[in-house]
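From just these sequences and the hints, can you work out the full model?
Spelled out, the chains give:
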Amino acid sequence: MTKLRYERPVIKKLETGMPNKFGTRTEYQPLTHIDGVAVAKLIKDYGSPLFVISEKTIRTTIRKAKKAFETRYPRVQFAWSYKTNYLNAVCSIFHQEGSWAEVVSGFEYDKAISLGVDGKKIIFNGPEKSTEDLTKAISNDSLIHIDHLDELYSITDLATELKKRPRVAIRVNMDTGIYPMWDRFGFNYENGQAWDAINKIMHSGKMELVGLHCHIGTFMLSPFAYGIAATKLAELALSVEQKFKHELKYIDLGGGFASKNTLKGSYLPGSDTNPTFDDFAEAISSALLNSNFKQDKLPLLILETGRAMIDEAGYLLGSVISNKRSSTGRRNTILDIGVNILFTSFWYDHKITPAQPFTQYAEDTCVYGPLCMNIDVIRESTSLPLLNRGDQVVIHNVGAYNMTQWMQFIALRPHVVLIDTEEKPHVIRLRETLDNMNSMEKVPGHLHKFNL
Amino acid sequence: MKLNKNVAVSESGLLFNPVTGESFSVNPIGIEILNLIRDEKPEEEIAEAIMAKYNTDKPTFEKDYQDFIGILSHNNLVESHEKTKA
Ligand SMILES: Cc1ncc(COP(=O)(O)O)c(C=O)c1O
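Protein sequence lines correspond, in order, to chains A and B. Under my numbering, think of the first position of the first sequence as 1, with each following residue one higher. Under my numbering, think of the first position of the second sequence as 1, with each following residue one higher.
Please keep in mind that the hints were generated in silico from the structure rather than gathered at the bench.
Which chain A residues face chain B? A few, computed with CB under 7 Å, are given here: (1) LYS3; (2) LEU4; (3) TYR6; (4) GLU7; (5) ARG8; (6) ILE11; (7) LYS13; (8) LEU14; (9) GLY177; (10) TYR179; (11) LEU221; (12) SER266; (13) TYR267; (14) THR273.
Far from chain B, some chain A residues (derived; all Cβ distances over 12 Å): (15) GLY98; (16) GLU161; (17) CYS366; (18) TRP406.
Heads up, the beta-carbon is just placed ideally off N, CA and C, and yes, glycines get one too.
Following this line, the structure appears as structure tokens:
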């Protein structure tokens with residue numbers, strides 16, 4: 001047997017703000033077309049910068065995820081995490097693919113209803129649900145995931161008032177070996193809070209406890225942690241069955257699977273190393289199948305996967321404004337893309353590729369945006385070919401969170417274009433206009449005039 | 001040699017120290033070694049495992065191993081083995 005090439009073991013502390021010494025890779029293959037449509041044409045027709053979403057990629061990704069779970073576990077349901085990307089067209093693709101809606105606010109709840117989602121297929125998460133929100137959710141028979149005791153008591157009161165039996169689950173937080181532990185939301189498993197909340201619900205008799213929920217973190221790189229979470233929720237569900245002779249209908253493991261992005265300072269690109277849907281599915285399914293549920297009593301497995309479902313389908317196209325050298329000789333490239341529309345550049349080393357061919361020469365470059373602020377850095381250090389002013393670039397894996405967390409700051413937010421599976425582009429969100437912005441403002445009468 | 005018990009190592013090469021909140025990136029062979037340490041394998045056995053799989057010799061590996069352990073203990077990721085000599 002030939003032995004593998006030896007490399008000495010290295011461990012490197014990740015420092016935020018430090019250039020990544022492993023950042024120079026040949027990641028600058030040009031991307032000239034997205035789903036058959038030329039990047040140059042997209043920018044010519046819709047302007048720069050421009051968000052582009054691939055419907056084809058969304059559909060292949062959700063199908064891949066479903067397949068990974070459905071081949072291992074008999075009953076699986078995905079719910080689209082609205083906060084990840086709640087553009088109506090995007091939500092509708094997921095609903096066409098069979099996903100329910102997972103919402104965390106009254107606004108998101110109303111959005112799902114306005115899109116025509118059946119109230120019974122809306123999961124209502126989050127710590128802030130107003131009386132009005134809860135009334136709506138109870139009337140529509142939605143799945144309400146209780147976050148804290150105050151909410152539990154509000155729902156108990158509303159159930160009496162509305163003469164309804166709300167369908168509820170509790171959000172459970174727990175130690176899965178992951179740091180930091182997300183214990184701000186829901187009821188803790190280890191200290192008995194969760195069991196206590198369950199008993200309160202069961203003894204009140206006012207609600208139907210239908211499931212258990214957790215969301216153990218985001219951009220999780222350890223499938224193992226999900227195995228622990230699934231085991232703990234299964235144990236709770238079985239305790240409920242034993243004590244109250246009541247079967248829970250589902251276990252909801254939330255979201256959190258890592259997408260193919262690369263965390264800042266990682267040793268290797270996320271596309272090569274992050275766990276796949278199959279890895280997560282294996283850990284979760286094994287944990288549930290190995291627990292003590294009888295074969296015909298396995299609960300429905302709900303997943304609220306967000307970023308891993310859509311990151312890869314999103315691209316941000318932009319143009320080079322200028323090239324500079326810093327006082328220390330470093331190459332700086334300014335794009336027309338600021339961190340206000342690419343929020344995730346604070347966490348990821350987003351892959352940036354040119355949209356046109358180039359020579360083989362490359363230079364280590366700091367890429368920043370037009371916001372006139374020091375924090376406006378898209379990449380601290382990446383290897384890019386010798387781009388000229390006006391050249392176009394494509395930033396990859398931007399589908400999650402950017403189109404919900406973006407900020408209107410000093411300029412207007414750009415168009416979002418969806419390329420359908422027939423390779424036809426559609427504007428799915430219009431670029432903002434000055435009129436849009438002004439229409440929300442009011443100027444008191446005494447400020448109407450000034451002389452300069 | 002013992003890995004501190006809360007230290008989380010992911011297959012993809014990320015290591016978290018919950019005590020300090022620090023993160024590290026580790027190359028694949030480093031991960032293998034960390035997993036062997038976690039399983040409480042003695043240095044001798046770790047060296048054998050690595051030498052069986054990779055093209056290296058004992059002096060080279062020992063030097064690199066000590067260097068690696070040095071960095072681990074500098075960052076408080078392992079419990080020092082000195083103190084448990086009973
Ligand atoms: C309750 C809940 N479910 C699902 C998600 C989606 O998470 P992710 O995008 O990490 O998959 C989130 C995100 O924070 C969440 O809070």
